[in-house]
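Those protein sequence lines, which keep their order, are chains X and G.
One gets the numbering used here by counting positions in the first sequence from 1 and adding 397 to each.
One gets the numbering used here by counting positions in the second sequence from 1 and adding 397 to each.
Hints are computed from structural coordinates only; laboratory data are not their basis.
Each hint should be verified, as a subset may be incorrect.
[To be verified] Residues of chain G clear of chain X, computed beta-carbon distances all greater than 10 angstroms:
| # | residue |
| --- | --- |
| 1 | GLU417 |
| 2 | THR435 |
| 3 | THR441 |
[To be verified] Sample of chain G residues at the chain X side, in silico, Cβ under 10 angstroms:
| # | residue |
| --- | --- |
| 4 | LEU400 |
| 5 | LEU467 |
| 6 | TYR520 |
[What the hints assert, rightly or not] Cβ-Cβ distance ranges computed for the label pairs, FRET-style:
| # | chain 1 | residue 1 | chain 2 | residue 2 | range |
| --- | --- | --- | --- | --- | --- |
| 7 | G | ALA431 | X | GLU498 | 45 to 55 angstroms |
| 8 | X | PRO558 | G | LYS409 | 27 to 37 angstroms |
| 9 | G | ASN501 | X | THR441 | 46 to 56 angstroms |
| 10 | X | PRO399 | G | ALA521 | 39 to 49 angstroms |
| 11 | X | TRP493 | G | GLU468 | 19 to 29 angstroms |
| 12 | X | ASP472 | G | ALA438 | 48 to 58 angstroms |
Where a beta carbon is used, it is the ideal one built from N, C-alpha and C, also for glycine.
2 protein chains.
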Amino acid sequence: MPLDLHLIAVGKTRDGWLREGMAEYEKRLPRYAAYRKTELAPGTGGKTGAKGGSKANPEVIKRLEGDRILEAAGDAFLVLFDVEGKALDSPGFADWLAARERANQRQLAFAVGGAWGFSEAVYARAQARLTLSRMTFNHQIVRLVAVEQLYRAFSIQHGEPYHNG
Amino acid sequence: MPLDLHLIAVGKTRDGWLREGMAEYEKRLPRYAAYRKTELAPGTGGKTGAKGGSKANPEVIKRLEGDRILEAAGDAFLVLFDVEGKALDSPGFADWLAARERANQRQLAFAVGGAWGFSEAVYARAQARLTLSRMTFNHQIVRLVAVEQLYRAFSIQHGEPYHNG
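My request is simple: use the sequences and hints to build the entire structure.
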């Protein structure tokens, strides 16, 4: 039974070019694994304290978005793509996915945070934190890089030529 | 005097969506620095040894592409984006660029290799090797990530809101 991958991102993929780029990999992933994507509504942030005003409160936003991520993830093994996570190289990520399969952790949810990152509840619930880079990527570009790495990982597992040019 | 950035990549940026994505950042970079891009013809590889055949020879390709990179870089301070390079975070990359400016190293060439990587001559000539990720990215996606990180670095230096959402 193949892995069941669920990419969870906060906010719509705004730009047509990014949707097109992601589709390049999303259309190839089903060769190797079930794949679906959920784009959650971003938190609206509410009003801040006594001084009023309509400035968004990052903590409120993160909590709201976190609740939505946890609901979308359901019972899946939850993996956060987070700049502070563990840095694997691409063959290491391929091995890591194979280890999930061997451990019968087939339902995998990969979450990409919003502009403010993940809430404490999300960190507490997550089973793994991986980083795609020590650098901070635009949180829209992260999802493109994420699907490319998922595709690359399977192409490594299957010895396909994609990984080496 | 602002920095003078030259992105050197091997091969055309094939996909319209990637060209569009890069343009998003390329059109904003001139606020902060001179910027231009050179896309070199990829090496054709020639024929392999005694057994003949038309299989491309990676070493021949790398050497050809390397010569073209060095020619394009001219006298600039040459930086390689290379998976084995130094891993900076985004504020660290912003500081690194500021240090180049202080050292009066204003002509910076950033090279992104082809599918087979860089030749020995390119490694020998380069003044710095930085990595955008421990993971191997598609060499087309690398150039998108590279321009985004250049733009992000300047937005950090200038305290623009881009970096934090």
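Results of checking the hints against the structure:
no. : hint                                     : result
1   : GLU417                                   : violated (4 angstroms)
2   : THR435                                   : holds (20 angstroms)
3   : THR441                                   : holds (14 angstroms)
4   : LEU400                                   : violated (18 angstroms)
5   : LEU467                                   : violated (21 angstroms)
6   : TYR520                                   : violated (18 angstroms)
7   : ALA431/G to GLU498/X: 45 to 55 angstroms : holds (49 angstroms)
8   : PRO558/X to LYS409/G: 27 to 37 angstroms : violated (20 angstroms)
9   : ASN501/G to THR441/X: 46 to 56 angstroms : holds (48 angstroms)
10  : PRO399/X to ALA521/G: 39 to 49 angstroms : holds (45 angstroms)
11  : TRP493/X to GLU468/G: 19 to 29 angstroms : violated (41 angstroms)
12  : ASP472/X to ALA438/G: 48 to 58 angstroms : holds (51 angstroms)
Of the numbered hints given earlier, the model fails hints 1, 4, 5, 6, 8, 11; all others are met.
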